[in-house]
Amino acid sequence: MSAALQKLVTWLSPAFPVGAFAWSAGLETAIADGRVRDAEKLAEWIEGALRHGGIRTDAIFLAHAHRSFGDSAALAELADLSLALTASRERWMETTITGDSYVTATKAWPAETLAVLPSPCPYPIAVGAIAGAHEIGLRDTLLAWLTATVHGQVSVAVRLVPLGQSDGLRVMAGLEPAIAQLAEAAANAGLADIGGIAYAADIAQMRHETLEPRIFRS
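Convert by adding 2 to the 1-based position in the sequence shown; the result is the number in my numbering.
Hints are supplied without guarantee of correctness; some may be wrong.
[As the list claims (entries may be wrong)] Using C-beta positions, here's what the derived DEER-type ranges look like:
1) Trp111 - Arg216: 14 to 22 Å
2) Gly21 - Tyr201: 22 to 30 Å
3) Pro164 - Asp73: 39 to 47 Å
4) Gly36 - Glu137: 44 to 52 Å
5) Glu178 - Arg37: 17 to 25 Å
6) Ser4 - Arg216: 20 to 28 Å
7) Thr212 - Glu137: 39 to 47 Å
8) Ile199 - Pro19: 16 to 24 Å
9) Arg219 - Lys43: 16 to 24 Å
10) Thr212 - Lys109: 31 to 39 Å
11) Ser15 - Ala175: 13 to 21 Å
12) Ser15 - Arg37: 24 to 32 Å
By construction, these hints were calculated from the structure, which means they are not laboratory data. C-beta: ideal position from N, C-alpha, C; glycine also.
Given the sequences, and given the hints that come with them, work out the whole structure.
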């Protein structure tokens, strides 16, 4: 258990070299438009993604990749479906660049699954499969990955809204129940359960490439 926790803390740390800090998943557009302007609106935006949007979808893909970590055909199908459901070019780049970087970085912890992962490899597929190969529990992996993802979104808002650190921390604390609920739901979800209605986030990701000025890559 302690070895698994060590790996999760390292692999999902902001210091792990996947470049996740460079992407906002469309949040920069929402901030520029004034739709996310304070802690309350930020919490609503992130919770929407957790319950109805891309974060939920990615969590389900992560769970399936975790269970299929040694099956190259299954992982390739999951990657293809994940990329087919990616709403924008920048979002496609975000998930593939961070995913491939994650695969490269985790080569310091050898595992046979590294040889069967698809290329490009969407980020949640990489995280799920590699955690599964190292016998790290699915629910722990989901909880850690979702928490890191939410913290990344809060970090974007702290810098751009801007929000104070105290407001950012309150958003993180307030979203813990939603994160825990999604971790449990995703662990039991089938691929047929994938579906979302977070259209504002999808459109924000599409519009980001024309946003000027911009700091983040998505």
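How the hints compare with the structure:
1. Trp111 - Arg216: 14 to 22 Å: violated (35 Å)
2. Gly21 - Tyr201: 22 to 30 Å: holds (27 Å)
3. Pro164 - Asp73: 39 to 47 Å: holds (45 Å)
4. Gly36 - Glu137: 44 to 52 Å: Given range 44 to 52 Å: holds, Cβ gap about 46 Å.
5. Glu178 - Arg37: 17 to 25 Å: Roughly 24 Å apart at Cβ, these two residues keep to the hinted range, so it holds.
6. Ser4 - Arg216: 20 to 28 Å: violated (41 Å)
7. Thr212 - Glu137: 39 to 47 Å: holds (45 Å)
8. Ile199 - Pro19: 16 to 24 Å: violated (34 Å)
9. Arg219 - Lys43: 16 to 24 Å: holds (23 Å)
10. Thr212 - Lys109: 31 to 39 Å: The hinted range 31 to 39 Å holds for Thr212 and Lys109, with Cβ atoms some 37 Å apart.
11. Ser15 - Ala175: 13 to 21 Å: holds (20 Å)
12. Ser15 - Arg37: 24 to 32 Å: Holds, at about 30 Å.
Checked against the numbered hints above, the structure breaks hints 1, 6 and 8 and satisfies the rest.
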